[in-house]
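Construct the entire structure; sequences and hints are all you get.
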Amino acid sequence: MEQYLELNYREMKDLVRQKLSIHVDIMDLLNKQIEKEAHSSSAYLAMASWCDHNALSNSADFFYEQAAEERDHMMKIFRYINDNGGTAYSPEVGGVNHDFKSLEEIFETALDQEISISKSIHNLVGKCRKVNDYTTEYFLQWFIGEQMEEEQTMRRALELFDLMGTEGLGLKLLDERIPQIRNKNAE
Amino acid sequence: MKVLHQSQFFISYQCDKQRCFFIKFPHKTIQLGFCQLLAFRQQVKEIDLEAHFNGQNTHGMEMLMLCNREHFFVFNTLESIDLKEFLTGTFAMLELNSLLTTSSV
Ligand SMILES: [Fe+2]
Ligand SMILES: [Fe+2]
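Going down the list, the sequences are from chains A and B.
The first sequence begins at 1 in the working numbering and counts up by one.
The second sequence begins at 1001 in the working numbering and counts up by one.
Where hints are given, some of them may not hold.
[As the list claims (entries may be wrong)] Derived pair list, reagent style BS3-like, types lysine-lysine, alpha-carbon separation capped at 25 Å:
{"#": "1", "chain 1": "A", "residue 1": "K130", "chain 2": "B", "residue 2": "K1045"}
{"#": "2", "chain 1": "B", "residue 1": "K1017", "chain 2": "A", "residue 2": "K36"}
{"#": "3", "chain 1": "A", "residue 1": "K172", "chain 2": "A", "residue 2": "K101"}
{"#": "4", "chain 1": "B", "residue 1": "K1084", "chain 2": "A", "residue 2": "K32"}
{"#": "5", "chain 1": "B", "residue 1": "K1024", "chain 2": "A", "residue 2": "K13"}
{"#": "6", "chain 1": "A", "residue 1": "K19", "chain 2": "B", "residue 2": "K1017"}
These aren't lab readings, by the way, just hints derived from the structure by calculation.
In C-alpha cells:
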C-alpha cells in the first residue's frame, strides 16, 4: 500500500513548485514578519508624536524616518511573497503604545523592538535552512545586515544619554546630536 | 486526477492536466487554482475553534466564501474541526510530493 502511494506521488506533477517558488510554511512566517514590521512602523510613529509634543524635533524627525523605513521593510517582504506565487496579507496593527515617560525610555523601547525583530529574522532564516528554502534565505540576508545597523543606531543613541544626561539642557543638546547617530558606518 | 488527501467529510484531488485542484465537499465538488487553494487554507487557518466551545460562536457555524466569492459554504463545529485537519493533510501531501519529485531528479 505504501509503495503504491509513493509511486502515485512520483507520477504527480509538482504543482506547488510550479506556482510557488517558496515554501508554504515559510510564506506563513513571512506574513507574520509583515505584521511585525507594520507594528514597528506604527510604534515608531507613536514615538515620533511623543517627541514632537515634547519639543524634541530632531528625535521626532528621526522616528518619522524610522517609521517610513519599517514600512519599506514591510513592503519588501510583501512584494517578495506575491512575486513568488504566494499571497501576502495586509496586516492589522493593534496595541500601539503612546505613553512614555522619557526620551531615554523611548530609545530603550526602540532597541528592544529592534532586538526582537532581529531574533524573528534569525528564526526565519533557521526555518529556511530546515526546509531547504535557499531563495528566501538569500532574500533575508539583506534584513540581517539592516537589523545589525538598526540595533547599532539605537545603542549609539543610548550611549548619548550616558554622556549627556537625561534632563534639561543636556536633553536639548542630545536632541541636536540625534541626526548624526544614523548611518555612521553605512556611508 | 489523483487523490491527495481524504478526511471524514472532504477529499482533495490534484489534476495534472488542468494544473489545478478539486475539493469534494459533501454536497458539491469545486475546482481551485493554486492561489485559491492558498486562500482557502488561510481562511480555514483563521477559524477559531475555541470560540465554538466557549460560547462566543453561539451557533457553532463557520461561513466561508471561496474562489472570489463564487462559492459559499457553511460548516458546523464537527466539519470545522475536520476542515483544519483536512487542509493540513492536503498540504502535507503536496509537500511530500515536492520532496519526492526533487529527490528523484
Ligand atoms: Fe524592520
Ligand atoms: Fe527596524
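Outcome of the hint check:
| no. | hint | verdict |
| --- | --- | --- |
| 1 | A:K130 - B:K1045 | holds, 23 Å |
| 2 | B:K1017 - A:K36 | violated, 40 Å |
| 3 | A:K172 - A:K101 | holds, 16 Å |
| 4 | B:K1084 - A:K32 | holds, 20 Å |
| 5 | B:K1024 - A:K13 | holds, 20 Å |
| 6 | A:K19 - B:K1017 | holds, 15 Å |
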